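J.: Residue numbers (full-length UniProt numbering): 1 to 308.
It is possible that some hints are incorrect.
As the list claims (entries may be wrong) - Calculated cross-link-like contacts (lysine to any residue; reagent style SDA-like; alpha-carbon spacing at most 20 Å): (1) Lys-55 x Ser-305; (2) Lys-223 x Gln-288; (3) Lys-238 x Ala-107.
These are calculated hints, taken from the structure and not from any lab test.
If you're wondering where the values come from, they're calculated on a predicted model, not measured in any experiment.
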Amino acid sequence: MKKKHVAVLLGGFSSERPVSLSSGKACADALENEGYQVTRVDVSRDVGSVLAELKPDVAFNALHGPFGEDGTIQGILEYLGIPYTHSGVLASALAMNKEQAKKVARAAGIPVAESKVVNRFAIHNKHPMKPPYVVKPVNEGSSFGVVIVHEGQSHPPQVIGSTEWKYGEIVMVERYVHGRELTCAVMGDVALGVCEIIPTGHSFYDYDSKYVPGGSKHEIPAKISPNIYQKIQTLALKAHLAIGCRGVSRSDFRYDDRHSENGEVVWLEVNTQPGMTPTSLVPEIAAQAGHSFGDLLSWMVEDASCLR
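From just these sequences and the hints, can you work out the full model?
T.: As structure tokens, this is what we get:
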């Protein structure tokens, strides 16, 4: 049987273009190895006309950041009637807005950290909440623009109000949760394994920890008690379903076990376009569950649809 023609959407024009190029290349190479006819599409503003002419059977969305994972490209694909991977318009837009996604998660009974959304200039001279806290752009990924304000810091971070800041006017200020960095992938309606991310030489899981080889150590399965492991799987699937995700997603958590083994588990966000680079988490988690990289991508291609 003839394999599908897959357009791998990569690159794009967000700040996460380098990550998307890496993800897209890895996915395109693996799909070719699986026998699919693959066309690599470096996405620009004319992507609609490019895809209309190309007429692929499936669009594999390997874009990251605004336009690629906020519902925009998903809307274009819906308009063109091209089946695509990952989440649809609404879930993508919702998950990309960290504060709105947290509201849905909280309503579904998922534990989240207290937070508020403010204009970045409002925190130039005064702490928006008692330290420690984290400042995050509302609509960015890959830890771009994340600033941690530590306990005892006398003034808010000046970079957020400076001309160097390029992540938008609105930011989310969130209580800093001490503890371990855990993440769990969901594939369809099944929660896969839980991974602990241990940054090496970094204070938190920042951009370099994510994408530079050796920037972090991935412990799969995470060395945590069975009840916490199962709890995180349950919460990851609950978030995936509550936000309306499709295909593959990945939920990130903090687990504070400083005072007891049960500790505090806090959901941070769901990523509807998880990285697919050689150092990415989802391929490693899937492999631990028995899915090779090629199998994972083939499943995503065959799962692709419109009206997601």
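J.: Given the hinted pair Lys-238 and Ala-107, is their alpha-carbon gap at most 20 Å?
T.: 11 Å, holds
J.: So if I understand the rule, the pair passes when the alpha-carbon distance is 20 Å or less; does Lys-55 with Ser-305 pass?
T.: Since the Cα atoms of Lys-55 and Ser-305 sit roughly 15 Å apart, the hinted pair holds (cutoff 20 Å).
J.: Starting from Lys-223, check that the Cα of Gln-288 is at most 20 Å away, please.
T.: 14 Å, holds
When each numbered hint is compared with the structure, no violation occurs for any of them.
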